[in-house]
Each structure stands twice: as C-alpha cells, then as structure tokens.
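Each chain, written out:
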Amino acid sequence: MRRSSWFNSAVAWAVYALLYAPIAIVVVFSFNAARAGMEWQGATLDWYRRLFVNEQVQSALKVSLIVAVTSTAMAAVLGTTLALALEKHMRRGREWVNGLLAVPVFVPDIVLAVALLLFFGLMRDWFKVFELGLTTIIAGHVTFQIPFVAMVVRARLAGMDPALDEAARDLGATSWQVFRHVTLPLLMPGIVAGAMLAFTLSLDDFVVSFFSGGPGSTTLPVYIYSSVKRGVTPEIHALSTLLMAVSVIATVVAMMLQRRDVR
Amino acid sequence: MQQVPEATASRKSSDHLGAGIEGVGLVRAFGAFRALDGVSVSIRPGEFFSILGPSGCGKTTLLRVIAGLDSADAGSLSIDGEEMLAIPANKRPVNTVFQSYALFPHLTVRDNVSFGLRMKGLSPGEVAPRVERAMELVEIGPMAGRKPAQLSGGQKQRVALARAIVNEPRVLLLDEPLAALDLRLRRQLQTELRSLQRRLGMTFVHVTHDQEEALAMSDRIAVMNAGRIVQVASGRELYERPKNRFVAQFLGACNLIPGTVTARAGNVLTVATNVGPLEVRAGHGTLPASSQVTLAIRPERVRLNPEVPGRNSFSAELRDAMFTGAETQFTLSVAEMALRAVLASESVGAGSLRPGSAVVVDLPASALIVLED
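Protein chains in written order, with the numbering used here: chain L, 1 to 263; chain A, 264 to 636.
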C-alpha cells in the first residue's frame, strides 16, 4: 500500500516534469544574457526590452490581436446563437447536430487548414472574394472557434431552470425581453468563458494562420516560425513566454467563470 | 404579513379585482396520454379555488393552460368573458407563483419583484412605491438587496408571491406553492395566504396534492383524477358528501361498505351488507331495489357502545386500539368486515375499550353516505 502510493506519486511527478520541462527551459532562457548557446551568463530583461522596439514583432502582434479580437467577437455571437437554437428550438436532429459540433474539435488542424485553403480558392474563383490575408485568417479562426463557444454555452444553458423562462413570460416579458433580461445575463459567464477559450485558440494558432494568410498578415506564431528558420534567439524565447502567459491567464479566467453556479 | 394600507385595501375590495374563469371541455394530450380529458370548470370572481388531486392527475397542466404556458388541444377558456386560448402568456391578466419559485438568480429581491412592472415599461417613479408596498405586504423589505441564493425557502416563497401580486393580476395562480417547505412553515403560510387573498380580493387558483391544505385554505375545491374533474364543492361538502369512492378516499380516511338495496320506504333505503342490514338516507338519485351500492362512513362518525342502540347497531369485536394523542384509533371486526373508528382520547374510558373486548358499534343513518360507484 505505502510503496505503491510512493511509486504512483513518483510517476506523476515524472510525467509533470516531462510535460513542463521544455516550457520551463524556454522561460528560463528568455532571461539568459547569452546571445546564443546553452550556457547561463546571468539574468537580464534585455530580450524583453528589445521585443518592444522590434518593428516586425510589433506588426505581428498587431495582426494577431486584430485577428483574435475580431474572430472571437464573431465566434461568441455565432456560437451563442447556435447553442440557443440547439437547446431551445431544434427538436429533431438535435443529437446529430450535437455530434457534428464536436467534429471540428477533433479534425486535425492541418486538415482544416488545407480544407479552408481549398474553400477560399473556390470562393476566389467563383465570386472574387476571400483574397488570402486578414479576412481569410479571421474566417478560418471563426470556423474552429465556434464549436468551443457553442459547447461551453450549451453546458450553461442545460443547467438553467426552464421555469425561469416561463416566469419571465408570465410576468409580461416579450420574447426579446426574456432574452435580454433573463437568458442573456444568465448565459454571460458562459459566453465570456467560451470567448476566452476562443481568444486563446486564435492567439496560439499557427497552422490555419500559416495556410490562409497572405503578405502583410503575419501573426505572432507565424513570425516566430519564420524567425526560428534564421536561428533561435533569446528574443524568441521572450516572445514565446509572453504568448504563453497570456494564454494561461485567459484559460484560468475561463475555467473560473465556468465554475460559477448557474442557480 | 403586514396590514394593507387603508386606501389600497378599500379600493381593492370595492373594485372586485378578481376575475371569473370559465373553462369548457379543455383537452390537452401528450401523445396517447390525455393530461386533460375534457375539463369544464367555472371559477367565481374573487374566490380561493383549489385544484386537488394525486400527482399526474392533470392539475398542474390545467393551471399551465390557464397561465398560457401550455396550450389546449380542444375546448375554450375565458377570463372575465374574454377568450384566452389564442392570447400568449405575457398578455394574460394572470400571474403565477411557481413550485420551484423560479426567482431570477442574477437579480436582487427588489429587481425580482419589480420585473413585471419594468417589462410593462412603467417609469421608475411608478414602479418603486408599488414594489416597496408588495415587499412590505409579505415582509421581505429587509431582504430587498439580497440575491435569491441568500434566502431561505420560506423567504423565496414570499419573494415569489410579491413578484406576482405586485402586478395586481386579476387571477393569481399558485402551483403547489408550499410543497417545498417544512410542516410548521407550511401551516403558517397557509393562514397568511388565505388572509392575503381576502384582503387583495384577487381570484386565487391553487394547485395542491395536500388535502388538508386544500381544506384549510379554499372557498371551493375541484377534485381531479385522471385528467377529469370529479367533484367541485366546498371543503365541508366534499368531506361530508363525497360523490364517489375516489373523493371519499382521497379526502380523509373512510370506511367503505359494499351492499345491495333491498327496500325503499320514502326517504329511507335498506341496504343488505356484510355488516348486516343498514338503514340509509337516500340521496336525490333513484336507486331501485336490488341495485349495487357502496356506503361510506368516516371513522369519527362511527359510534362505540352507544347509550341507546339504534337500528344500525351491531355487536363487534375490538381488534386493535392505537393512541395517537388527541385521538384514539380503533379497528373493529363486524361479521367479516373490518371497520375503523376514531374517538377523542378524552372520551375513551380506561377499562372497557381493550383489544379483544366485545363492543356494540353503531353506524348512524345520518353519517352513512351512498356513493355513486
């Protein structure tokens, strides 16, 4: 008994070490004064300072934020609408649509990216829309963000007392008033949580942005990828560390919001 | 609950705020199951009307149809003479107190109570005094700033009540409003609801499966079973003159004695039963000789060892005596039949009524009820 619990915790720690060691190394080396190599030459914040004056980084950051904010806003609206339609209005085929909702989550990024590229190509040929660039990246991101928002919002809807809706109607509220004053405020933590997840996914995405981007629409992950080809610098470590910090914070906030009680 | 301010009370009572409800042939089917199977009901303006029945009898469906939260497949429903079935819930002159209270968890008590008035677009100046008055009426003023999660069950119930009556509906619908509360609180709120209804003059339609609650609060009670209304009457009449076995057994305990009519002399029937020949007062129905009937008698109307034996007196054996406080319950066997009797413990002598002893049981003709089935 005692031995097996000791063994279990040792294994658990080993797995954690394996998971987090590479990330920890990147964080540590982002503070290393050495320009190259694996040698520790003292702590510095130089690399972070340099990031803020690097024009390429600035423009990639701008693109990433524009993409993340725009796509998240669109996905939040569309995902919530989808969740509401599924929960309240669709009687038939609900299970099917429900299952289909999860598919984009499991489809490999690369498959989605290639599919989007093909789709955008067709649209360009037929309708002269979707020139590769910011628009296509945003459209691509919205595609994989919607299921995440919809699933989080649906979970919250399912936990809501259906009598609340009836109580509001009984008290004289029109359909719009019920939505505006009861449904939406109660769903808001779920919508924000879903949007936080979607924001993180957009910020971290490389594959879709790489495939559906064009000149002048380089996001941060794509910038990192292209810089690495010229050699990994501590500046890249610093940038990666910041990107990671933002994602972790957004995810933690999303989890806290989801845990809030509906009733 | 608080005294209603003088002006409000007098205005309400003179206006006859309550509306009458007329339901005719209402049908509501869920697949093959008919929750309402041709319900016709007439509720008078300003009365406290209870719909009583076992779970699944359709009582909640009837309430939801009146509220407009559920639709009827056939029939008609009017409130104050105005046809209602085509009118959506938010436009009907009724408000509901839900079984689960259904308070809005994201709003404070005050915002919950003001919800209906705000949705109607009343100005904050009009809303505030009415909300304060309603909260005062059910004594939740001190909780105004709290969220529903911070309230006890009884307080939530009061908020739900205030949220409904603040709109001054013509009809207040109550769906098992006290079911979730403990017994003591339930008894207290029964009294309060009853006096609130008298003061406001609204029509209250109250759904319950608790017969004591219905008897204690209502002007009239409709007993429902299997999607139909079985009998509508005052509580006392239902108890003393139940129409059939279902009503007799659903409201209080009852001895049922099957028999055959052997003779009729004016207003008096003679019925042959396992207990012996019983003389019964006939109702208005015509019961020819040799028709099968069921007689009912309440345990507290059964007399033991009467000073003067009557025509319906028989010798019996006392099987069991159970002391339950104010009352003592007896089980007797007369011929092959088991009968229950209840006596005030005070009147039971210390010695004579012991299990195994022989007694004389009297079933007074005035206490025997002839049931329809």
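To be clear, the hints were calculated from the coordinates, so they are not data collected in a lab. None of these values were measured; they are calculated from a predicted model. Careful, some of the hints might be misleading.
One side of the interface only, derived from the structure: several residues of chain L facing chain A at Cβ under 8 Å [claimed, not checked]:
1. 161
2. 164
3. 166
All C-beta atoms in this analysis are idealised placements derived from N, C-alpha and C, irrespective of residue type, glycine included.
Hints, one by one, checked against the model:
no.: 1; hint: 161; result: holds (6 Å)
no.: 2; hint: 164; result: holds (5 Å)
no.: 3; hint: 166; result: holds (5 Å)
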